[in-house]
Amino acid sequence: MNAILEALRWFGEPAQWSGPDGIPHRVAEHLLYSGLAFLITVLVALPLGLLLGHVRRGRAASVLGFAVVAAANGARALPTLGLVILAVILTASELVPILLPLIVLAIPPVLVNAYTGVQQVEPWLRDAAEGMGMTGRQVLWRVEFPVALPLVLLGLRTAAVQIVSTAAIAAFVGLGGLGRYIIDGLARQEYDTTAGGAILVIALAFAVQAAFALLYRLAVSPGLRRSTAS
Amino acid sequence: MIPLVTEGEPLVRWDWIGRNLGEIGSLLADHVLMSVVPILVGLAAALPIGLACARWRRIYPPVLGVTNALYALPAIAVFIMLIPFTGIGSRTTVMIPLALYTLSVLVPSVVDGLAAVPDHVRQSAVAIGFGPVRRLVRVELPIAVPVVMAGLRVATVSNISLVSVGALIGVGGLGDLFTDGFNRDFPTPIVVGIVLTIALALVADGLLLALQRLLTPWARAGARDARASRARLASPERTAP
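Protein chains in written order, with our numbering: chain S, 7 to 236; chain Y, 611 to 851.
Same shape as in the complex, but just chain Y (with noise of 0.2 Å):
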């Protein structure tokens, strides 16, 4: 293998990143607004969907043959049938098979958070007089919040990768950096968006973790108490004499 990139080139050039910061963090809002809004979108449209499969059973298994299919469609692949109708170089193009992706991820979720609500907390939430609208909104959905949670951390991750996809046609994000790099074959741009994007993919990973730990207050109190008793039980070897 002869190296293209000629003996002297680093592979990061720190005063190139210092000149183009503007021209990078524009790129890291335009990749953070194109990840952002199609899991907001595909979360609106998931969370209907996923409750009607959940109450008749019977529509999950066609729906599920849909969001496996929809899963299944290489992102590049619908970008270009999208273009004759939302444009070559629009966000929208590439945020539509983003929201669609996020769906498919987020459907089965949903149902199966669901699934996973005890039947005595069910019956409990009926007995103390809740009406269906508020058993859903004040317990089950709740409940349901870790594994709609482990959806939506998937769907995040992967759809802040595969945004950059989009710079085969124009817009990527940080994407951009990918293909601008490639074409003057200079590694630094490549670099930084390579490192910019796992960062961004992180954090968004570590916010919603944190959600979950707030919406989710007695999964914390039920460690604490695991962890109280185990201390409880461990006690008195170490004080004994």
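Chain S with its partners taken away, still in its complex shape (with noise of 0.2 Å):
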């Protein structure tokens, strides 16, 4: 307990408010690394899965579908500690190497969720959209992604949480961040330095989680949100 109590006590030293290894800092350089790769992940991945769900007709589509998601399945298999230290150790230790693991990491949560969000929209509902007189690309954005959006949200929010996470991780191989403070600590045996590092990481981890559940309350539609509340 002692030790928990000296880490708190860390937060109350002026030295960790200021400078280029101060809270502040750390935190906005967490915040940039994890927003870069999310918003790549997001690019990528939410439009695939959205469209892959959509196009349901056609054995082509269905076979394509289904290997996407056994094979984002399968990421979750990949160690992330490993792939950081392998693109490190194969390229120069520059952003971008750093970075592809946290995305390549972050993909299978966003497109497995889309997808099986927008396909697992009731057939009736999109009959009605296409009898309405809706062209294909109505159907998605003004039916099935409103109704998909629960599980695309879930989605989002565990890529980002897995983001942050994954960011203090790659602080190993030099990322900066909040892992700075856990690496650095581990190595020059600060536990109060380690710790400090562990109780921002949480802090921001739950950060994201309420932000998402907010962002849940104001987007998803009230008749929805009656049914999967989460």
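Please keep in mind that the hints were generated in silico from the structure rather than gathered at the bench.
Computed from a predicted structure; not experimentally measured.
Incorrect hints may have been included.
Stated by the list, open to error - Stretch-level coverage of chain Y by chain S, calculated; a stretch enters the list once three of its residues show a Cβ under 8 Å from a Cβ in chain S:
1) 630 to 642
2) 716 to 729
3) 756 to 768
4) 805 to 814
Glycine residues also receive a C-beta, built at the ideal position from the N, C-alpha and C atoms.
Starting from two chains that each stand alone, build the complex the way the hints lay out.
Listed below in structure tokens is the structure:
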């Protein structure tokens, strides 16, 4: 218990609140790297998942969809730390190779949830939309996407939380951000620094979780919210 | 980008693997131990919690809130917070968060699995005189197996990949190969570690699938019946002159 109190005292030291190794700067770094990785993940995985779910007709589309889901589930087995280290050791330790594994690991939840979310939309809803004269694009944006939104948001939340925690691990190969406190504290055997970093990473993960809960309340239609509360 | 690995250094040095088979084997055994124990502990805890939530639905939302929060906890941060209590370089430090993680995945699976039991099946069990305990063990839990198994497979595969993060505090099973390779700027152990982790996850997933088939013989019988009836429907056309 004493060690935890030490860590809380660490937050009170003025040195922690300024300079490049200060908490504000490290939080900003962490948010920048995580945000960048998340943005790329969403740009790659979300349109692909929505489109694969939308195009149901035809054998090729269903085989492709199945293959994508299987591959994405398989990606769960990839060891984060190993990928990050391999990416850095095979290239120079620049930003891109470090972010690449973060993106690769975050794509599966976004892709799978977008795909299953759209694919599971009730056929009669789709038929009704088409009967009203909607085009394929209108069906996707005005019916399928809003109905799939709870699952889509769950996928985005999982990916975002995962990126925040993987970015902390990537400090081992030199990435800045809150993971620096954890890794440097371990290396220097200063437990208060390490624990301070761990507390900050947990707080950030919870903040991301809370942000998505708020987004869920704002974006998901009230009718859906009653049946799929999460 | 300037390649750090010098020219002529191959991605995998097979002779290194040959010389270190013993060490790799013991890390693999460690890895299996550290991923299997938390799964068993997590399952043992998730069953009663899930049963309670299915029985008293009102406690389910708050329990779900807690498990969602546990799921969001970054593993590395929990390892660090546990160090004062369980020690750095201790397997327990790595296994506790993994057990919590398994628990958070499995509680919803157990509740959903029990909710999937059709009401007429439950009533049939009551009608032929099953008491609550026998109904649970002989009827409801077996029907819940596929849903619980889906959760168990997710938790198992994730645990196997998460164990390696423990290498940052000195106990990562195959993950130790990652830090070792990084410290020596030597890709072979890293590649070996990644390949073995994925292989282990595939094997574990396969075993769980086999276990599920064993536990739900009626699912196979159903598939066989469906095939047989399809064949019966199709056969007149084939035998027609």
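Which of the stated hints cannot be reconciled with the structure, identified by number in ascending sequence? Result: hints 1 and 2 break, sorted rising.
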